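Letter by letter, the sequence shown follows residues 2 to 151 in the numbering used here.
These are computed hints drawn from the structure, not numbers from a lab.
One thing to keep in mind: the hints can contain errors.
Unchecked claim - As a list, the in silico DSS-like pairs of lysine-lysine whose alpha-carbon atoms are at most 27 Å apart: (1) 101 / 90; (2) 99 / 89; (3) 101 / 84.
Just so it is clear, the structure is predicted and the values come from calculations on it, not from any experiment.
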Amino acid sequence: MFDFSGVICRHALSVFRCKNVVTLPSRCILKRWSKDANVPTQDSLTERYNNLRNEATKFVEQGAKSIHIYNVAKDALQVAANKVAASKKRGREFQGEKEKRICELTSELENTNERCEVYRANLLAVLREMEEQKLKLSVKVQNARLTLKE
Numbered sequence: 002m003f004d005f006s007g008v009i010c011r012h013a014l015s016v017f018r019c020k021n022v023v024t025l026p027s028r029c030i031l032k033r034w035s036k037d038a039n040v041p042t043q044d045s046l047t048e049r050y051n052n053l054r055n056e057a058t059k060f061v062e063q064g065a066k067s068i069h070i071y072n073v074a075k076d077a078l079q080v081a082a083n084k085v086a087a088s089k090k091r092g093r094e095f096q097g098e099k100e101k102r103i104c105e106l107t108s109e110l111e112n113t114n115e116r117c118e119v120y121r122a123n124l125l126a127v128l129r130e131m132e133e134q135k136l137k138l139s140v141k142v143q144n145a146r147l148t149l150k151e
């Protein structure tokens, strides 16, 4: 309901009160309530819905005046419906391309992660070997010091 009407229900306000939330989260403040409210925008679903509904109402009022205008309006609505359907189809195709690209990138990321794991394992093996060599050298140095003292 909030997304459509922009009014927070009393239950949400009660939760805010119980949780001691003294300022509303920014997502609960619609643009139309802000200083920029007079700037025309079609960002929100409500604004787009209301705008389309108002335009459709004007169209219906004009289309109902005579049978000729009615037929013209009905044909125009059919053309518009076809355009909307085509646009939705293109949107799905575009979405499909995006999803395909996301899958490709995800696969590439997984391959890169696997290579990183191999490199990490090799690096750890080299570091372990270096530590062992360091320890062996340390023991040799200690032995050399002991033989020098004797």
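>> So if I understand the rule, the pair passes when the alpha-carbon distance is 27 Å or less; does residue 101 with residue 90 pass?
In response: holds, 16 Å
>> For a C-alpha distance cap of 27 Å, please report whether residue 101 and residue 84 respect it.
In response: holds, 25 Å
>> For residue 99 and residue 89, compute the direct alpha-carbon distance and say whether it is at most 27 Å.
In response: Distance of about 15 Å is within 27 Å: holds.
Against the hints set out earlier in the document, no violation occurs for any number.
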